[in-house]
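Colleague: The numbering of the sequence shown is the numbering used here, which starts it at 473 and goes up by one.
Keep in mind that the hints were calculated from the coordinates and are not lab data.
Warning: the hint list may mix true and false statements.
[Stated by the list, open to error] With a Cα cut of at most 20 Å, we get these calculated SDA-like pairs of lysine to any residue:
1. 574 to 506
2. 564 to 509
3. 564 to 576
4. 574 to 530
5. 574 to 501
6. 564 to 596
7. 564 to 593
8. 564 to 539
9. 564 to 537
10. 564 to 542
11. 564 to 508
Every value quoted in this text rests on a predicted model; they were computed, and no experiment measured them.
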Amino acid sequence: SNDECAVSEASFYEDALEDIYALCRRNNIQLVLYRAPTKRLHDADWDRLTTQFYGRNGVSTLNCSDYTAQIAADPENDFYDSLHYNCVGAEKFSAFLADWTKNNLSISPDEPQDTVLWTARLQHFRDLTANPPQENTNA
Numbered sequence: 473s474n475d476e477c478a479v480s481e482a483s484f485y486e487d488a489l490e491d492i493y494a495l496c497r498r499n500n501i502q503l504v505l506y507r508a509p510t511k512r513l514h515d516a517d518w519d520r521l522t523t524q525f526y527g528r529n530g531v532s533t534l535n536c537s538d539y540t541a542q543i544a545a546d547p548e549n550d551f552y553d554s555l556h557y558n559c560v561g562a563e564k565f566s567a568f569l570a571d572w573t574k575n576n577l578s579i580s581p582d583e584p585q586d587t588v589l590w591t592a593r594l595q596h597f598r599d600l601t602a603n604p605p606q607e608n609t610n611a
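Make a model of the complete structure from these sequences and hints.
Modeller: Structure, rendered in structure tokens:
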């Protein structure tokens, strides 16, 4: 039945997440449970996920729905479709995520920056934001 498939799928993902948590703990990595600003993950799913890991060492949660004012994405202009940011929205979200990471996690770069690579990526991003792709409403 569909209910049995849903329970089996949920158990699979919960078990997989337990494996990811164990791998993070073995390697001294902070696990961040992240909920993107989307409508696809229902509150019950997020509640079950955070309850599963509540109080465990090495786990942080980031529910982006709690930070809509700080992200300040314009629903009319900053989304490619109803679930995904366009380049302009992604820029706002990236700035939020960088601040959140800096303020909530002990993360810093381990290796020297590859200046040529990052300069090329920055230019590509600037090209995209100057002429953001529009949603294809004919598809």
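Colleague: So, for every hint listed, does it hold in this structure?
Modeller: Results of checking the hints against the structure:
| no. | hint | verdict |
| --- | --- | --- |
| 1 | 574 to 506 | 16 Å, holds |
| 2 | 564 to 509 | 12 Å, holds |
| 3 | 564 to 576 | 18 Å, holds |
| 4 | 574 to 530 | 16 Å, holds |
| 5 | 574 to 501 | 15 Å, holds |
| 6 | 564 to 596 | 17 Å, holds |
| 7 | 564 to 593 | 17 Å, holds |
| 8 | 564 to 539 | 12 Å, holds |
| 9 | 564 to 537 | 14 Å, holds |
| 10 | 564 to 542 | 9 Å, holds |
| 11 | 564 to 508 | 14 Å, holds |
Checked against the numbered hints above, the structure violates none of them.
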